[in-house]
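A.B. asks: Sequence:
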Amino acid sequence: MTDKFEMQAGSASNVRNARMQVGLRNSKGEIYREVGITGLSEFLSFVQYLQDIGLVDELAAASGPRGGYDAIFGA
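Position in the sequence shown (first residue = 1) + 392 = my numbering.
It is worth saying that the hints were derived from the structure and are not from the lab. Where a beta carbon is used, it is the ideal one built from N, C-alpha and C, also for glycine. Hints are not guaranteed to be accurate.
As the list claims (entries may be wrong) - Now the in silico label distances, taken between C-beta atoms and shown as ranges:
#1 G446 to N409: 23 to 31 Å
#2 K420 to G446: 12 to 20 Å
#3 R458 to L436: 14 to 22 Å
#4 Y441 to N418: 16 to 24 Å
#5 N418 to R458: 14 to 22 Å
#6 N418 to Q443: 15 to 23 Å
#7 S419 to Q443: 17 to 25 Å
#8 G431 to G460: 15 to 23 Å
#9 P457 to E422: 17 to 25 Å
#10 R458 to L432: 14 to 22 Å
Could you put the whole structure together from the sequences, leaning on the hints where they help?
C.D. replies: This is the structure in structure tokens:
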């Protein structure tokens, strides 16, 4: 993933202040990682990458964000 994207660890408040939020679920169904993304093209590229590696966006059919997330991915 780091080949395609420049990622930085940030504080929870920095991540949540980003324009778009992506949540990643673990095998227990818990969101264990939050990714804050600032630009639309970066968001779309990240979403496409996660889909390409087989993850499914549970909010793909949603009309808007839910629970503060624009996308939530899990296996």
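A.B. asks: Work down the list of hints and note, for each, if the structure agrees.
C.D. replies: Against the structure, the hints come out as follows:
Against the hinted window of 23 to 31 Å, the Cβ-Cβ separation of G446 and N409 comes to about 30 Å, which satisfies the hint. One distance hint, 12 to 20 Å for the beta-carbon pair K420 and G446, holds here, with the actual separation near 18 Å. The beta-carbon spacing between R458 and L436, approximately 18 Å, falls within the hinted interval of 14 to 22 Å. In this structure the supplied range 16 to 24 Å holds for Y441 paired with N418, their Cβ-Cβ distance being about 18 Å.
Range check, N418 to R458: Cβ separation about 18 Å, and the 14 to 22 Å hint holds. As the Cβ distance of N418 to Q443 is approximately 18 Å, the hint placing it in 15 to 23 Å holds. In this structure the supplied range 17 to 25 Å holds for S419 paired with Q443, their Cβ-Cβ distance being about 19 Å. G431 and G460 have their C-beta atoms about 18 Å apart, which keeps the hinted 15 to 23 Å range intact.
Between P457 and E422 the beta carbons are some 19 Å apart, a value that agrees with the proposed interval 17 to 25 Å. A C-beta distance of roughly 19 Å is found between R458 and L432, which places it inside the suggested range of 14 to 22 Å.
Hint violations for this structure: none, all hints satisfied.
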